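J.: So the protein lines, in turn, are chains A, B, C, D, E and F.
Following the working numbering, the numbering of the first sequence begins with 1 at its first residue and continues without gaps.
Following the working numbering, the numbering of the second sequence begins with 1 at its first residue and continues without gaps.
Following the working numbering, the numbering of the third sequence begins with 1 at its first residue and continues without gaps.
Following the working numbering, the numbering of the fourth sequence begins with 1 at its first residue and continues without gaps.
Following the working numbering, the numbering of the fifth sequence begins with 1 at its first residue and continues without gaps.
Following the working numbering, the numbering of the sixth sequence begins with 1 at its first residue and continues without gaps.
Wrong hints could be hidden among the right ones.
For identical chains, the list gives no copy identity; a pair is met inside one copy or between any two copies.
No farther apart than 20 Å at their CA atoms in a straight line, the calculated lysine to any residue pairs in the SDA-like style are these [said to hold, decoys possible]:
id, residue 1, residue 2
1, K24, G55
2, K133, A4
3, K24, G288
4, K118, E6
5, K20, D286
6, K287, G249
7, K24, V158
Please keep in mind that the hints were generated in silico from the structure rather than gathered at the bench.
A quick note: this is a predicted structure, and the numbers were derived from the prediction, not measured.
Letter by letter, the chains look like this.
There are 6 protein chains.
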Amino acid sequence: MLKALEKAGILVEALPYIKKFSGKTVVIKYGGAAMVNDQLKEAVIMDVILMKLVGIHPVVVHGGGPEINGMLDRLGLKSHFIQGLRVTDESTMEVVEMVLAGKVNKEIVALIQRFGGKAVGLCGKDGGLIQAKKRFELVKNEGGARVPTDIGFVGDVVKIEPGLVRELADRGYIPVIAPIGVGEKGESYNINADTAAGELAQALKADKLVLLTDVEGILRDRKDPSSLISSLRIDDVPALVEEGVISGGMIPKVACCVEALQGGVGQTHIIDGRLPHSLLLEVFTDKGIGTMVLK
Amino acid sequence: MLKALEKAGILVEALPYIKKFSGKTVVIKYGGAAMVNDQLKEAVIMDVILMKLVGIHPVVVHGGGPEINGMLDRLGLKSHFIQGLRVTDESTMEVVEMVLAGKVNKEIVALIQRFGGKAVGLCGKDGGLIQAKKRFELVKNEGGARVPTDIGFVGDVVKIEPGLVRELADRGYIPVIAPIGVGEKGESYNINADTAAGELAQALKADKLVLLTDVEGILRDRKDPSSLISSLRIDDVPALVEEGVISGGMIPKVACCVEALQGGVGQTHIIDGRLPHSLLLEVFTDKGIGTMVLK
Amino acid sequence: MLKALEKAGILVEALPYIKKFSGKTVVIKYGGAAMVNDQLKEAVIMDVILMKLVGIHPVVVHGGGPEINGMLDRLGLKSHFIQGLRVTDESTMEVVEMVLAGKVNKEIVALIQRFGGKAVGLCGKDGGLIQAKKRFELVKNEGGARVPTDIGFVGDVVKIEPGLVRELADRGYIPVIAPIGVGEKGESYNINADTAAGELAQALKADKLVLLTDVEGILRDRKDPSSLISSLRIDDVPALVEEGVISGGMIPKVACCVEALQGGVGQTHIIDGRLPHSLLLEVFTDKGIGTMVLK
Amino acid sequence: MLKALEKAGILVEALPYIKKFSGKTVVIKYGGAAMVNDQLKEAVIMDVILMKLVGIHPVVVHGGGPEINGMLDRLGLKSHFIQGLRVTDESTMEVVEMVLAGKVNKEIVALIQRFGGKAVGLCGKDGGLIQAKKRFELVKNEGGARVPTDIGFVGDVVKIEPGLVRELADRGYIPVIAPIGVGEKGESYNINADTAAGELAQALKADKLVLLTDVEGILRDRKDPSSLISSLRIDDVPALVEEGVISGGMIPKVACCVEALQGGVGQTHIIDGRLPHSLLLEVFTDKGIGTMVLK
Amino acid sequence: MLKALEKAGILVEALPYIKKFSGKTVVIKYGGAAMVNDQLKEAVIMDVILMKLVGIHPVVVHGGGPEINGMLDRLGLKSHFIQGLRVTDESTMEVVEMVLAGKVNKEIVALIQRFGGKAVGLCGKDGGLIQAKKRFELVKNEGGARVPTDIGFVGDVVKIEPGLVRELADRGYIPVIAPIGVGEKGESYNINADTAAGELAQALKADKLVLLTDVEGILRDRKDPSSLISSLRIDDVPALVEEGVISGGMIPKVACCVEALQGGVGQTHIIDGRLPHSLLLEVFTDKGIGTMVLK
Amino acid sequence: MLKALEKAGILVEALPYIKKFSGKTVVIKYGGAAMVNDQLKEAVIMDVILMKLVGIHPVVVHGGGPEINGMLDRLGLKSHFIQGLRVTDESTMEVVEMVLAGKVNKEIVALIQRFGGKAVGLCGKDGGLIQAKKRFELVKNEGGARVPTDIGFVGDVVKIEPGLVRELADRGYIPVIAPIGVGEKGESYNINADTAAGELAQALKADKLVLLTDVEGILRDRKDPSSLISSLRIDDVPALVEEGVISGGMIPKVACCVEALQGGVGQTHIIDGRLPHSLLLEVFTDKGIGTMVLK
């Protein structure tokens, strides 16, 4: 009978979180290991469906996982580089869009539907959702000066038109979004998925932005999982970067959180997608999980 | 980390039940030990609030517990009997109503509000909710014939007017109902709480009627808790009564379930209110609890 | 035929008042003789129903009448005094609540229902309607200093949560409210009914607050009913208190009106509940009745 | 004080009628003396506004009074007769329409607006309200046979399109209707106002049709007002016609009532428009007034 | 096949205009030749219906055409003049109102209905639409001073109550309005139709005000239609008046446009009603037509 | 000025069709030349946007054009055949889905958005829109018997879930649908686009199904465009097939129309997509275009 009591206890523990987030929007950047491993994939889907069922509005923004590279390989498309920066030429962009919006996106949708949720797959073209323009990276030229350089169809977000996402969410659907932006002439741009999630969270005035990653969160000592920093504030970031605690691939993720917070998002989280149901644990339990970045 | 995974598993296990009962009405007869013990009381309240939060419409019908007798004693009101049947005279009825509608009912309401739910306490007079008339019990007279006998202000339900309960439930409130009926002239009647819950469940076209009792459910061998009959059908009832498996105080409870099922209620449950969170376990877990009576 | 014409004239006279108050809220403090005498009781109920029918939203806040003392006597509960101030101990509060919320309140509800209206009986616990805290009266100690003194479960209003009352009123119900407040831990407090009515009128942004009393209104000469002051302004009050025209039990009633007016209530009225249909006459006729206090 | 009590009594007497007719539609044929005398006119307007204010939906269909003939005279238009039947030629019809829809109709509207109501004046052309076709009267020819004869722009109702009237009534307006019908080519037809009122009452599924006339109602002895038949059933009509009790101009009025009743109208009334506020007295008092014809 | 392509091209050309004006209000002053010639009349009606069908809200304000003078003549009513200004005495006003509101207005309504639209005819009395007061013209007295002079029932707009027009437009009707104003005592006033249209356009926050006239628009050289000024700004007006380009009857029309623009109307147009479908061409084609006056 | 009049005439000619189809659903199968030629593509998009603007609900179902084969070639995927029937293996299906749902679909969406419409691209997985199962073609085996044969991921429609399409259409979006079906386990199936359009039209209770093809319609003499059969009934079909007038690729198209008509669609059309704006001409002009098949 103890087991039963524990069950009940866990359900009751979720109560204040359900109450707190009821009717609120949570934007989830879905990527990394959790998109590859079947068991993890299913766990994420179940978590998202459960959130929807208890009255939260989850919005999923996904990356492309290894599938894009696989397809580029099969087509024999080789990447071209400018000063070490990969260039997304038109053929590559075509493949990126097809894989993201036509395969990965629709697979996630089908999985949600199969487990009892209602989902709609969108890209940035649908309803003018993600309006973008070409990004110019600053690249050192021969003279050593950093000049804006065309790296192809990689885009910066110009405007988010969140109406369609809101309407779908309000009518019981889970919007699943491929981070393809659309330019003025209808051309496609590849948008970084973290960035797209962050911008969308701002436009939707989301209460939470959750980035599913392949690390435990921010560790004070990268080799020691027990050194996890479970919560930090925007003001703490510069010092942590200085000290090298936030470094490498974690820098853009933290930057994305900071920008989202400054744009009005309530809380941001960098959590470990390799742990099954990390999303659920983050949202519905007392302890939370990973690193929370707050204003 | 195992602990976390288990937590998630239990939340995910609840998913199909949340989906199944979302927007549905569950009428709960709240009585017995679960109204006396503070810890049990709190557990029932938490269960009801959680049900409401995830989109179910719980409706609570409560008994009076030991408080009525306590107040009758303090007032020196002694019960009068006719052929062994207790008579509810006007003074007694006055006390019953005050204690039920003015004390027990409002205490439950205050408890729900305190733990974060929204509740409204009603009796059968509010919005004409429970319309009743005097019940005449068949009592053997001196000649041995069973004649209808006036046993005072004990009532039979004439009509349920469920509008108010529905409106409150739809607007986010948990209706808490004292089983006081109202007669044509505005007089009060004491209604059996199980009966009131069953009638209300029918009028609301509830999906579930749950009776919180002080037994494990229906036991094949009353001394052996492991002999619990976890599910039975209406058709099985006569034989079980014949065999004495259903006997004593369990007979009216089962009768109440049968009537509710025949009146259109989806499922009925006799569960053990002495077990903390038995309500939650019944609704949100795979195993269920107690005895389910089905059509 | 003259009779008929007069009838019509009276109905037509009501026309501008119906127009003026259509959709507006009128809070009525119901107490005194009008709660004791059966004919007066019925007249008040009819008046309230008529107001509702023509599109006004009446909200009734009632006192306890002599019933509380009757029950306290029957239970042999004797009042305890501190420096002449009656103390409401826990046993007394229990009785006050039961009688107010479980008996008087539900009787009024049953009467409205019986005469064709729709009513719901509430106390301050329902929907967190009247949130209160312990009141400390300033009492002279032995040294003659006035110190805050615990007089038991007598409360001051901390906050009114008017949502439930509005929702019920909008859906065609007449809310009937027992002035029991609820503390942070769910404990009950006895609230002065005039005060509760005044606070509720403010929270509901009521257009009218009407206090049914056992006097004609404010009389310049207490022995001469013809000296009725039919209208006065807040600014006139201090002088009238000075002169002794407003004195005794009239002081808190006028204070209640003044506070309500300062809190945004349109008009306040002190009228004679001993006169049948005084409420109706106040609202629907040219002459009004009793004393109106205006800003 | 007695006066006040009487006032209240009359208001309370209206209560069940307000309740009964709340949200119901009452079609009023407004004509005769009540359209000529200024005091009577004002009384009718007040009655209609009061009905609207208490939640009834009055719809006014008016006749033309003496104004049409006045204008025909001023224009020197002389009526042309066929076998004693007046013919409405095109010039006459033009005047009828202008006076009815452009003068009488708008005057009533302006009066309602001036006394605080909201009104919209319509004729049968607005929203296709009254669709009509030419009526052919059966007229004896030289040979004595009754043949259908063209009497000009007099019309029979082909179809009522009640949508516009309902929409206006639901939004708080009192529709005021001139009985001008519209033919397939947009041509105008003069429709008998009683007939138009009766047809409209059927199309609107009205609860009451009230014909304001210049007699007390149906009198058993035309010379004795005390011989008023206050209520009769459809089945009684043939005998009363036979006996001559219903005769002359009363025959088409009663026929109009009978047809309305058969078309689903709840009650029909022939009342005395010469009595001020007869409409109000009919609707809101116990005694009613005039003759009620029931199914 | 070329023909078909052209057809399609014209429909496609209308696309941006449909999009631009969808849900917007266009007030049309309907007068002059377009009210006399049957073919022009029909073309205007078709244009208005088409506008409604594609989601625009046209509101028609009409003049009286030659019909008023015709009726005045038939009645032998001769105009009385004060210093050259025609006086609208009570008899004249009666005729004006009957003809405008009872004949011209309802004919337009019938025509719209006949061609498949839904229309309601209103005058300024309906719903208190156009509230007016007597206008006093400044007239030179014998001493040569300009003194305010009573010229009878000619009115200035005091207030527009646009609620009824909006409600009808929202429910699919085309409001057709006779420019009769109503005074405080319910008396009628003749309002200049251009002025009424302009005031209504302001009160409705219309996007367009279109005046149908009997000229091509504003011509730089009145004898040369090719000298049409297709667009001008408020600031250009004084100079054009100075130069005599805007003169005579065009002055009040331009003044009406200027006032409407200053009152918040988006665009105003003076177009040639003698050209069939000029309204349609103005709204739905690239070239527009007539003279547009802009802020 | 003649030109202007013609313009107006064409707009007015569209009026009855706008009226007729306002609020109705038109399903368009978009394929063939109209998907390849840029000018035709743009014309179709403009037509669809215009339909939406005037209140019609167009729903676009598209084919894949030559793009699928292009991508298959680039990937070196060769088709495998069974008895002459092409087999869609898993790799091929993956490409079909990516190209249809990720490239062609989103390009159409982007085009609609760019020209001012609002569009959402869906495939059969979104909201469970097209539920399918594997199709088994009857193929002659060696013994000559026709046996059901697995031809890979080609599907038959099991169920259409039209909710999402309706919700989007009601909220102003043009749904653009790639004919990918989803199986019970979330697997993808290639569905014939004509069939998908026909099934969707039935599920949506569409008023029109329009198939854009690369022929003029059904020609009695295939070499003579003037022999176009502009309208035929279901009953005429068998004889026309017998005579060879309906033959080859036209047979499944006509079958699709017949099935749609039997499933409740109002009208079906086979029109020439090679003609610019054929869609517009079919819907908004008197002559229609291509062949209409009616019940």
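J.: Hint by hint, say whether it matches the structure.
T.: Hint-by-hint comparison with the structure:
no.: 1; hint: K24 x G55; in the structure: both (8 Å within a copy, 15 Å between copies)
no.: 2; hint: K133 x A4; in the structure: neither (55 Å within a copy, 39 Å between copies)
no.: 3; hint: K24 x G288; in the structure: within (18 Å within a copy, 31 Å between copies)
no.: 4; hint: K118 x E6; in the structure: neither (31 Å within a copy, 26 Å between copies)
no.: 5; hint: K20 x D286; in the structure: within (13 Å within a copy, 27 Å between copies)
no.: 6; hint: K287 x G249; in the structure: neither (25 Å within a copy, 45 Å between copies)
no.: 7; hint: K24 x V158; in the structure: neither (25 Å within a copy, 29 Å between copies)
Going through the hint list in order, the structure does not satisfy hints 2, 4, 6 and 7.
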